[in-house]
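Use these hints to put chain W onto chain U, whose structure you have.
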Amino acid sequence: MISTRFVLKRLLLLVPVLVGVASLVFSILHLSPGDPALTIAGERASEEFVRQVEESLGLNDPIWVQYGRFLADAAQFQFGESFIIQRNTTVREVLANKLPVTLELALYGQLIGISLGIPLGILSAVKQDSITDHLTRIGALAGISVPIFWSGPLLILLFAQVLGLLPTSGRISVLYNVEAIRVTGLVTIDTLIAGELDMFVSAVRHMILPASVIGVYSMALISRMMRSSMLEVIRQDYMRTARAKGQGSKITVLKHGFRNAMIPVITVIGIQFGGLLGGAVLTETVFAIGGIGTLLVEAIKVGDYPIVQGTVLTFAFLFTLVNLGVDITYSILDPRIEQ
Amino acid sequence: MSTETKTTTETPAEMGERGLIDRFRASPFVSRLLSNRLALAGIAIIVAMVVIAIYARLFIDLEVISQSQLGTNPNRAAPSVEYLFGTDGQARSLLPRVAYGAWYAMLFGTVTVAASTALGVGLGIIAAYYGDVTDNVIMRTMDVLLAFPSLLLALALVAIFPDELGLWRAVAALTLVYTPRFARVVRGAALTVLENEYIDATVALGAADPRVLVRHVLPNCLAPITVQSTLNFGLAIIDLAALSFLGFGAEAGTPSWGLMLSNGVSQGLLTGIWWWSFFPGLFLALTVLGFNLLGDGMRDALDPRMREAVD
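First to last, the protein sequences are chains U and W. full-length UniProt numbering numbers the first residue of the first sequence as 1 and each following residue consecutively. full-length UniProt numbering numbers the first residue of the second sequence as 1 and each following residue consecutively.
Just chain U, with the same shape it has in the complex (with noise of 0.2 angstroms):
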């Protein structure tokens, strides 16, 4: 159904792009007015010191030598070790710790927006300019304009402050020590892996209200996407004749019409996975999540520039390999693309 080679050309599309972006970070970080060897040695070391620190680091190389060593490291994903946030420790340990905690608030949020946006657009297409049409579209064009840095807030609030129903902060309550049965990085699987059903309810609680922060704005771009997608593939010929042969029109619109109008939506989903890890870093740092986004604000606050490379790297890597599945999954819903 979808041929390795048309896979392969796409990974091998990819390479270029990521030199590219690997290229822009290195050039960021070079252009950024900091310097590196003052922040690891400190404001008071002797000069001698800092000159020590530049000459461990390759600082004093050509900036062409730099950059290519830069290009080998990173692509074996070697950032060397943390500056300040966590010294000792290489960025790889650091960023195997954290990304899973962005990843798992990522994957709830999509799971959030998928699951009522795709059925919402439908509805609205269906029932084009009903009144469940209008609060809909409406309801989506609020959803992509309310900031995550306002409802999650507003939601902290009414939930956690007035109602008092679920937890404002962190992924699990302190009671619980979840490293001690940490298997994949994602607190709402491990606790269940362990069985220890008090701790999962408790991760849970605290995932609610993050999630559906960012679920809301993702429901709304797929709902949109939904309904215009919907409203476009009605109008053809094939739907006209398969209510002529005396379908049901549900069994229609669900049979032909929903494949056919994922396309565009699954580009959306796509895309906008791209808001939803910048969306991390906003609900992370409104609900003191530590995740790999409340990381990246914090290294570029305090200048610990392997860890920035690391985390910025690894936002562009996602965000690639998602643009590759869409691609990919493009191909197998409308076969044609591939040529």
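In case anyone wonders, no lab produced these hints; they're calculated from the structure. Just to be clear, a hint being listed does not mean it is correct.
Selected chain U positions facing chain W (Cβ under 8 angstroms, derived; list incomplete) [unchecked claim]: (1) 32; (2) 154; (3) 165.
Note that beta-carbon positions come from the ideal geometry of N, C-alpha and C, so glycine has one too.
Okay, now just chain W, sitting in the frame of chain U:
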């Protein structure tokens, strides 16, 4: 009778102007846009925000609303008749601060959108017109910029600029982030325009490249550019606030919505002081909603296929 005398006294310039307005009204794009109630609501919100912004800039003294009012005003007072939006941790009334935030949002939002539009339009048109290597170099660079989630690229770029620039570094970072979107849209539109025979005719008549691009290609790409700019306006205002919220935008003490929200979250949330987050966020969300409503309406008006589906 009176109208007759009026028209005869009109200068040619005035007549030209009237002709323009009539042409504007008669354009199917404008009439479709003005018959869209949601788009009108968007325009109303934007106009209201612009009025608030200009009023704040002219009549509110930035120094006065930035100074601590401890001892003069009640500290952390909840909204009341006297302090409509309540007071903050330095006893400053929030109402004039939130109003002044509209000025910041509009000013920096406009600069960001204008700069990225100009840059993107230039690159897009050049890529489309010269094609080949030029096209490839420009568009592949744009691809690299598009490979990053936008807010994260902005965060990384902000680090290049010195702190002293305050909100301007957020503007610079976001300009670079948004440029590729405009370049793509404009390149696509320009390629279509370039296929027209009148372009070949102009070139054959010996028009120089800049003249062809500015006089003939650009005007025919204006519609998609305008829609993209409007939709991007809302995004720019959110992202500027987001960067301030994360600590990479407005300097401490500036009455920007993002900074006020950051303060509301870090200090007001656990103490239940809802008005520190509520009012700045409400204004921010309303402004963005206004631009999204208008942008959506413009897109529908430009691409009437969606409308025809109704009929």
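Evaluation of the provided hints:
1. 32: 5 angstroms, holds
2. 154: 7 angstroms, holds
3. 165: Cβ of residue 165(U) sits 15 angstroms from chain W, so the hint is violated.
The earlier numbered hint that this structure contradicts is number 3, and it is the only one.
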